[in-house]
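Asker: Take a look at the letters that make up each chain.
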Amino acid sequence: DAKTTQPNSMESNEEEPVHLPCNHSTISGTDYIHWYRQLPSQGPEYVIHGLTSNVNNRMASLAIAEDRKSSTLILHRATLRDAAVYYCILRKTGANNLFFGTGTRLTVIP
Amino acid sequence: DAGVIQSPRHEVTEMGQEVTLRCKPISGHNSLFWYRQTMMRGLELLIYFNNNVPIDDSGMPEDRFSAKMPNASFSTLKIQPSEPRDSAVYFCASSLNDYGYTFGSGTRLTVV
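Line by line, the protein sequences are chains A and B.
Using my numbering, the letters of the first sequence correspond one by one to residues 174 to 283.
Using my numbering, the letters of the second sequence correspond one by one to residues 18 to 129.
These are calculated hints, taken from the structure and not from any lab test.
Please read all numbers here as calculations on a predicted model, not as lab measurements.
Do not rely on the hints blindly, as some may be mistaken.
A partial selection of chain A residues facing chain B, derived with a Cβ cut-off under 8 angstroms [to be verified]:
1. Q215
2. G216
3. Y219
4. G223
5. L224
6. S226
7. F272
8. F273
From chain B, some residues computed to sit far from chain A (all C-beta separations above 10 angstroms) [said to hold, decoys possible]:
9. K41
10. S44
11. D73
12. E79
13. A84
14. Q97
15. G117
16. S122
17. V128
C-beta atoms are modelled at their ideal positions from N, C-alpha and C, and glycine is treated no differently.
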């Protein structure tokens, strides 16, 4: 499976935008880019996913580089409740399993 | 929908005892996954089912671990006999085809 690389940790001030980067230089044409987050003492939670085009939903936006070798999860206005570990995962079309890496621990500063 | 329901939330057992973890997936979802999370190894996929059939159990650590899905609304993960190194948080998740996974709240297992 193609791997992803994320920074171990990031900090953001409350109510400011947060850009969480993910590198996936060995991505294949059939890999979807998925983002999950895990809040303290909870199970992971689906955030967003995309293939080639940028995606928006109520939680976040996903910006995908033109060559697809990197992507950025954007939280438009960080709140204290967004403090979590964010995982960037590649998932092949039709594959029904997700392999989690170590993710990025986001700290939101009041 | 109540989401994915796992029970128990916490389990403390003595080494050598049998442990059974339970999961009720979201109604209508056709895939179910068991994960284990520890500080050292992070989130590991143990096994997943598609339409109640085990598809990939390559993540199951050893023969002491077994999982079943007798119907679309129930799955169990059994450890027999349990060992201290099995202590972890065990998550169950379900999904419909290629859509996002929904995880349960997990079962925190402590084997003493």
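Asker: Take the hints in turn and mark each one as holding or not.
Answerer: Against the structure, the hints come out as follows:
| no. | hint | verdict |
| --- | --- | --- |
| 1 | Q215 | 7 angstroms, holds |
| 2 | G216 | 3 angstroms, holds |
| 3 | Y219 | 3 angstroms, holds |
| 4 | G223 | 12 angstroms, violated |
| 5 | L224 | 11 angstroms, violated |
| 6 | S226 | 16 angstroms, violated |
| 7 | F272 | 6 angstroms, holds |
| 8 | F273 | 4 angstroms, holds |
| 9 | K41 | 14 angstroms, holds |
| 10 | S44 | 18 angstroms, holds |
| 11 | D73 | 6 angstroms, violated |
| 12 | E79 | 20 angstroms, holds |
| 13 | A84 | 14 angstroms, holds |
| 14 | Q97 | 25 angstroms, holds |
| 15 | G117 | 3 angstroms, violated |
| 16 | S122 | 6 angstroms, violated |
| 17 | V128 | 20 angstroms, holds |
This entry does not satisfy hints 4, 5, 6, 11, 15, 16, going by the numbered hints stated previously.
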